[in-house]
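Colleague: These are the residues of each chain, in order.
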Amino acid sequence: MLRKILAAATFAGLVAVAGPSLAGSTQAPLKEVHWSFDGPFGKYDQAQLQRGFKVYKEVCSACHSLNEIAFRNLGDPGGPFWNPKYKNSNDNPVVKAIAKDYQIADIDSDSGDAIKRPGTSADYFPSPFANTAAARSANGGAVPPDMSLLAAAREGGPDYIYSVVTGDGTDAPAGLTIPDGKYYDPWMPGDVSAYYKGDPAKTPVGGFIAMPPPLIADRVTYDDGTKATVEQEGKDVAAFLAWASDPKMEERKSLGLSVMIFLFVLTGILYGSYRKIWSNAGH
Amino acid sequence: MSDHPSTYQPNTAIERWLDTRLPIIRFGADLMSFPTPRNLNYWYTFGGILAFCLGVQIVTGIVLAMHYDPSGAGAFLSVQRGIMRDVNYGWLIRGLHANGASMFFLAVYIHILRGLYYGSYKAPREVLWLLGCVIYVLMMATAFMGYVLPWGQMSFWGAKVITSLFGAFPFIGKPLTALLWGGFSVDEPTLNRFFSLHYLLPFAIAAVVALHIWALHVPGNANPTGVEVKSKSDTLPFHPYYTVKDLFAISVFMILFAVFVFYMPEALGKVDNQSMADPLKTPAHIVPEWYLLPFYAILRAIPDKLIGVLALAGALGMLFILPWLDTSKVRSMRYRPQYRMFFFIWIVACAALGWCGAQEPDGQVIHGLTTFNLIDYDLNSVTWLSRISSIYYFAYFLVITPLLGLTETPLPVPDSLYTPVLSHPAGVPSGAAAAPETKG
Chain L
1 MLRKILAAAT FAGLVAVAGP SLAGSTQAPL KEVHWSFDGP FGKYDQAQLQ
51 RGFKVYKEVC SACHSLNEIA FRNLGDPGGP FWNPKYKNSN DNPVVKAIAK
101 DYQIADIDSD SGDAIKRPGT SADYFPSPFA NTAAARSANG GAVPPDMSLL
151 AAAREGGPDY IYSVVTGDGT DAPAGLTIPD GKYYDPWMPG DVSAYYKGDP
201 AKTPVGGFIA MPPPLIADRV TYDDGTKATV EQEGKDVAAF LAWASDPKME
251 ERKSLGLSVM IFLFVLTGIL YGSYRKIWSN AGH
Chain E
284 MSDHPSTYQP NTAIERWLDT RLPIIRFGAD LMSFPTPRNL NYWYTFGGIL
334 AFCLGVQIVT GIVLAMHYDP SGAGAFLSVQ RGIMRDVNYG WLIRGLHANG
384 ASMFFLAVYI HILRGLYYGS YKAPREVLWL LGCVIYVLMM ATAFMGYVLP
434 WGQMSFWGAK VITSLFGAFP FIGKPLTALL WGGFSVDEPT LNRFFSLHYL
484 LPFAIAAVVA LHIWALHVPG NANPTGVEVK SKSDTLPFHP YYTVKDLFAI
534 SVFMILFAVF VFYMPEALGK VDNQSMADPL KTPAHIVPEW YLLPFYAILR
584 AIPDKLIGVL ALAGALGMLF ILPWLDTSKV RSMRYRPQYR MFFFIWIVAC
634 AALGWCGAQE PDGQVIHGLT TFNLIDYDLN SVTWLSRISS IYYFAYFLVI
684 TPLLGLTETP LPVPDSLYTP VLSHPAGVPS GAAAAPETKG
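Residue numbers (my numbering), protein chains in the order written: chain L, 1 to 283; chain E, 284 to 723.
Pulled out of the complex, with its shape left as it was, chain E reads as follows (with noise of 0.2 Å):
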């Protein structure tokens, strides 16, 4: 792994033979030896909850798998009589898996914030930020599919409305949805290629974390000041300080996922889900899970069907291309106040268009007040706060960060990460854009 010496001694013959035919103790070892900043602090747990994450839904997912049946009769009932009265502890088994999802969405958001804030997407890291994207992207496909498994009337309508999407698209439309369909309509086929695909994308992902954890130990972890680390005595080993503190958070971050999974199991999810899905019987309010309401509201938003679809697709293609769109020098919105007020706008936009999301797109934002129709709906309507949401969304990835990294003046950078502790600074130039650390 990148530079960082092995320090793995084997000490037993066995150590010794294995060692030189498959080094996988070795590997382990320089793992759980790996030098990380020693100023990491709670936002850089999320990594380490993910893993968690994941292992619960792959772990629980493959228990409700030998308890359901895809079939159109059988799926509500294997979900609804099966598992959530007969299997025992299915209720607990399917409760973690259902809110896992959200407890996953809610973990991954606050690590994508994280790696947004310190710059973590930017060189060297660009190819780690990329698979982290992908990550992404393959957690939503799959939670959207895992959300159509129980066949309640939200999984149908929701995969009918989610599915129609991909008709926008000319010439090829047609034949796409044919295909994700099995047919002409959601149905049976549909259901089952959706638990296939459902069962099979947990795997990519796992691949790719692990591909992204490579990715990461290549540079190394990159840190809340963005210096990088300049010496030895900047880092830790990860095992046992940053194995114990993970742990800790983990720990923490299960509290919340156990207050919902006994206390509020279906809180996060819809009632209509709970009736059997009826194609003859369209719920009154069409709603994704919430961790997609953002990107429903960017759709919705825009009265062209494929150009809001193409607007879909780019509010995540904003994520792939950040690290050539950020002109900075300076990594973290630590010394970037400018920057960094840009970007706490942008996370009240994304929430506004959450909440948008979740609304009747002709609905009132401010109760009671009527203003003018411009673009089919009121100005005072929830369309045009997602209207101006999404805006604001994309201009902040193409105009405000391409920009402000050549116009801004940040705030002077530490010299390294430990600069106030394990050095004194000579009053010397380091943070690239940045005058030097003065403090003394």
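With the rest of the complex left out, here is chain L (with noise of 0.2 Å):
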């Protein structure tokens, strides 16, 4: 039986370590954050969340969409302004504040005209670009972006949005040339090489981002009086980052605990049932 675990454990392992490597691709290590949300019993820090959404919404979505996301789900239980008092998020009038800022691309029902109209808390997020290529010309030729799933969709996930975001990129190595309307960051995945003159033993890691360094110390005014350093901005932006691609996860962690423990439970009886019969066998 044991054993039977051990391999199982075993293949999985095996499993995690046959992860991708990059050749040619370098990144500095990863900043590492110890987060609320970390471990099978973590959970989202709401004060975190509604301050790294004041920095998306003041900072990152000028370039940023996020599309998966509803305003209405920033009131869902375990978002940034979730509120015991409205289970329906769409009543919730922290969240219908927010949704009122933003104007909405719509077709009035009238007159069939497209118009502009303030969001309400069913509507997503609206692009900052009116598309691809908009947002591709406006920055360089790179298209920033969507957020919603950024967390996800990278190696090392918030660390790795913490550390692209708190690097200040002045700091480019001497005989690194960077090219025009790039930043060097060490955290970028990439490779420098073509671009280094210098012992090649000594090539910068990291790659070039299209993206300046985004956040200064008191880039926003915290609500709750926490001091806005580089450091604590990119910490609850990433914060709200992760938020945004497992909205799930404190509905899963506590649905996980009750499985487990049922899984336990009836494993025990089942273990015990199979004693008990197989007593019977005779030999």
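Quick caveat, the hints were computed from the structure, so don't treat them as lab data.
For each residue, glycine too, the CB sits at the ideal point set by N, CA and C.
Treat the hints loosely; a few may be bogus.
Among the chain E residues that face chain L by a calculated CB cut under 8 Å, a handful are [said to hold, decoys possible]:
no., residue
1, F317
2, R321
3, M349
4, Y351
5, S558
6, A567
Hints given; two lone chains; assemble the complex.
Modeller: Have a look at this one:
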């Protein structure tokens, strides 16, 4: 029995280490952050999600869309503005107020004209650009990735986001020619060897990124009085994006706990039944 | 079912009426009372576990299909926005389905290894084994097409790489890929046909599973000793003895399954698949799911594309012809220590291939060691480890298995599967190539 579990665990371990390696592409070790949502019992820190949302709204959203998220999602259980008083997040006044600040493209139902109207809880976050071509042209040829799943779509998730947004991008190593409109970022996976004149063994790790260093101290003013350092803003927005890509995490972990307890009891009962029934097998 | 006499007694008028018209209750009762060797260990519970896996995949898959939109523009959104965020417990249903595929393969690999180790493929169970191989191939096709459906980056590029393989065939290559794609590249028509087939194939699998179970009930179960059942005292009725043992094993398996679903739902996936498919942006590293990696490594080990594709198919083909490659009359590796050693090396070779499949072809196996180039690649490269492992993979089936069966001296095989307990061996030779069991 134990042997089987061990075999299965070994197999799973083997699968885990068989992850991809990127030859040619390099990356500095990510800055590791202790997140409130780490581990099997970890939860999002709601105050942090609210601060992170503020950073997204006032900084990131100028270029990055959040296509999968509706305003109402902000008030869902586990979300930044979840309030048990408003089980239906569409009714949450904070959510309604946030939605109203956005202008949503729509069709006037009487005239058929294209219009803009204030958002409602049911609307999705509008994109900052009309289309991909517009996004590309406004950003030196690089399309800012949609942020709804960014934390899930990058190795390292929130650690990666935190590392990239808190890098200051000014201390480019000597001998590295940085292309126009790009910034050097040691945490952006890439290969800069073609742009580096110097000892090839000392080629800087990381790659180029089209995004200028996005955060400076006091870029936002937090409503809860938290001091807005670059690190604080970076952590908060990374936590918010972790929530955005995995909004059901708290529901998942709490149901998981019940399921685990159930399965262990069931397994115990079945093992007892097995022993009892086989005791009559006679040899 | 074979020579297992029916013990079912219809006790009520309705049962007697039905029994002469459609003896379905008799069928079920006979299935439950089927005499099963009493020495089956936990490795034999994976059949039941696999039936459980197939059930989970079909049920969760049917629900997912209710919420899925197989269109180029809508597929990714219907999964990531619809199923993962808006559908009640959609994250759970998809988590079960996506991780269920990995669990299914984990179980099927253990089930296959068990069959190999105990020689379950040997006469009179060749058809049972072949049906199992058919199920395995159908599973791979189904899993591959299912992985395309979320329409993420890895879905798209994985589909492109694998479907392009069919282009390697001379003459029929081009029309074949056009047929698979429904056009001239992987696009919405590809997604549509994959969705249709992904929904169809599991039912084909279920049908072959029914045949597989039928084929099992003709000769009856093999067992760890490889000695055939000789008397009724060697067996126990399937129910309750093996129903309860299988249920316990399924329950343990569910714990592992639940750890993935609830605590690491994306651990077996690729982060690239969380971005929508973009035909203009090739991911840095295209890798199939873990359960296909060994075959992917065999494919890449060979410089010529067509031969690579044939080798990939041949690697599967080895399983199909194994019953006729194994010349030994002893079934179980318990009594074949030499073959057992080669078998364990074969498992290591498969694991090495799996590892290689996830690496860049020119990656180094031992870091920092550069040797010399041979057929395009350094000897200390992933490609060469794949090549050596592939050669061993094929040699195991084509050379070691046929030759060793003729030359090795197996250990004494017991008289009957319960020799030590049920009878006192009289020293009569019974195992074909083996000396009699002499322990008292």
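Colleague: For each hint, tell me whether it holds in the structure or not.
Modeller: Structure-based check of all given hints:
1. Below 8 Å, beta-carbon pairs count as interface contacts, and F317/E has none with chain L, the closest being about 16 Å; its hint is therefore violated.
2. Because the closest C-beta pair between R321/E and chain L is about 6 Å apart, less than 8 Å, the hint holds.
3. With a least beta-carbon distance of about 19 Å to chain L, the hint placing M349/E at the interface is violated under the 8 Å criterion.
4. Taking 8 Å as the C-beta contact cut-off toward chain L, the hint placing Y351/E at the interface is violated, the least distance being around 16 Å.
5. With 8 Å as the threshold, the beta carbon of S558/E comes within range of chain L, its nearest partner Cβ sitting at about 5 Å, so the hint holds.
6. The interface hint given for A567/E holds, since its Cβ lies 6 Å from the closest Cβ of chain L, which is under the 8 Å cut-off.
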